[in-house]
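Visitor: Could you slot chain B onto chain A? The hints should help.
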Amino acid sequence: MHDQLILFLEALLKQTGLQELWWGNLVMIAVGCAMIYLATAKHFEPYLLIGIGFACIVTNVPGSDLIKQGGLFHYAYQGVNLLILPPLIFLGVGAMTDFGPMIANPRLVILGAGAHLGIFVALIGAKLWGFSIQEAGATGIIGGADGPMAIFVTVTLAPHLLPQISVAAYSYMALMPLIQPPVMRLLTTKEERLIRMEQPRQVSQLEKIAFPIVIAVIVNLFLPPVAPLITMLAFGNLLKEVGAVERLSRTAANGIMNVVTIALTVAIGSTMSADTFLTVKTLQIVFLGLVAFVFGTASGVLTAKIMNLFLTKKINPLIGSAGIASVPIAARVSAVVAQQEDKRNYLIYQAMGPNLAGVFGTAISGGIMLALLRAG
Amino acid sequence: MLVPDTLEGAVLLSVIDFFLSFVVIAAIGLVLAAFPWLDRIAQPGVKDSIEE
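Residue numbers (our numbering), protein chains in the order written: chain A, 700 to 1075; chain B, 6 to 57.
One or more hints might be untrue.
What the hints assert, rightly or not - Covered stretches of chain A (chain B as the covering partner; in silico rule of three or more C-beta atoms under 8 Å from a C-beta of chain B): (1) 802–816; (2) 866–876; (3) 909–921.
Said to hold, decoys possible - Anything over 12 Å on all C-beta distances counts as not near chain B; from chain A, calculated: (4) Asp702; (5) Glu744; (6) Pro745; (7) Gly770; (8) Glu906; (9) Ala943; (10) Val944; (11) Arg946; (12) Tyr1048.
In case anyone wonders, no lab produced these hints; they're calculated from the structure.
Ideal Cβ placement from N, Cα and C applies to all residues, glycine included.
Same shape as in the complex, but just chain A (with noise of 0.2 Å):
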């Protein structure tokens, strides 16, 4: 009786996870406990952290079976493996934005290309560091501030490093009111930074219309490997703008918006494991990041102030760094920054037009990359 006893509670153990639990998977719980409270006490992109952090708490207690085959964060997982969810965030995303910026400034849209060096230099850094060319493209699309086309590029480049990157693409995206300022006043003189610039035209609804129309058929004739998170840009984007058909807009931008969120999270936090995030690979990639967002903000000004060599109409360079992408956040930071010059310089509607161009510039750039990248 005692032996069948001791029998009976050495199965119990074997079958709870406490066996395999090591240093490693602690590490992790407190990174994603340090998510949350990030996300709930300092209101730290809480859409984002909250999923991310909880799944990334259960996915390092061995034994969970949420994360294996069959389990709820698995097929999760699958949504972002089979690309089905980084389309559908833009689908709500085209929904929530009004792309009349861009349109009433055509000029501006190079700096969506300008802002982008970023990519490149984190690229070859990354391989200068040993990572293989697809690991080096996947790190240097952190440089093009994009969320979805972060974790579009990387699960077809390098899946095994998807965990890092999107975690340093939306870290790095929530910092950028810190990261852009100091390198956009290196770059610019007083007299730069309170350029003013004229209110742009008014954009009619016909233009709004035709615009996705226009896009969604570009990207799929010149770049498909990234035309099914642009097709539904677009997409979303008509359903808002048609005007005929509120409810699929608002469903768009907000219960599926908000789904695909929750599901998103949680299939990014899922591959947090300890074994594969606790690498040196994971710092580099950190580091990279970093770089990719600092040469991106300063080719952006740099851009905007070569522009202005030819223009008689002058552009405050201060807009250059919106076209990093992160809509809206970093045409905010150019904004903010501006009226920290002068008050009445009010460029937030100057400025989304290359905000709106970088996530263009983001695709465009990926699209090549996973163009002259993808294996076979």
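Guide: Chain B only, in chain A's frame:
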């Protein structure tokens, strides 16, 4: 995969990608510059925003 997995490959990819992104986005800008004509086509009797 068209790009070699070397440092030279990474530099080549970066230069091509960066340059082409300017080309493609400039083309999008040119298309957007033509958008005011949509209003003229849709409503030929009304002064359009090209003249602003």
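Visitor: Give a verdict on every hint.
Guide: Hints versus structure:
For the region 802–816 of chain A, the proposed coverage by chain B is satisfied: 10 residues have a C-beta within less than 8 Å of a C-beta in that chain, meeting the threshold of three. Remark: the region 866–876 of chain A is not confirmed as covered by chain B, as 0 of its residues place a Cβ nearer than 8 Å to a Cβ of that chain, below the required three. Counting residues of the region 909–921 of chain A whose C-beta lies closer than 8 Å to any C-beta of chain B gives 6; at least three are required, and the coverage claim holds. For Asp702 (chain A), the condition that its CB be more than 12 Å from all CB atoms of chain B holds, with the nearest at approximately 59 Å.
Every C-beta of chain B lies more than 12 Å from that of Glu744 (chain A), the closest at about 27 Å, which supports listing it as non-interface. The non-interface label for Pro745 (chain A) is consistent with chain B: the shortest C-beta to C-beta separation is roughly 33 Å, beyond 12 Å. With 12 Å as the threshold on Cβ separation, the claim that Gly770 (chain A) sits away from chain B holds: the shortest Cβ distance comes to roughly 34 Å. A beta-carbon of chain B is positioned within 12 Å of the beta-carbon of Glu906 (chain A); the least distance is around 5 Å.
Taking the minimum C-beta to C-beta distance to chain B, about 17 Å, the non-interface status of Ala943 (chain A) holds against the 12 Å cut. The beta carbon of Val944 (chain A) is kept farther than 12 Å from every beta carbon of chain B, the shortest such distance being approximately 21 Å. With a cut of 12 Å on Cβ distances, Arg946 (chain A) stays outside the contact zone with chain B, its closest approach being about 26 Å. Non-interface call for Tyr1048 (chain A) relative to chain B: holds, since the shortest CB-CB distance, roughly 16 Å, exceeds 12 Å.
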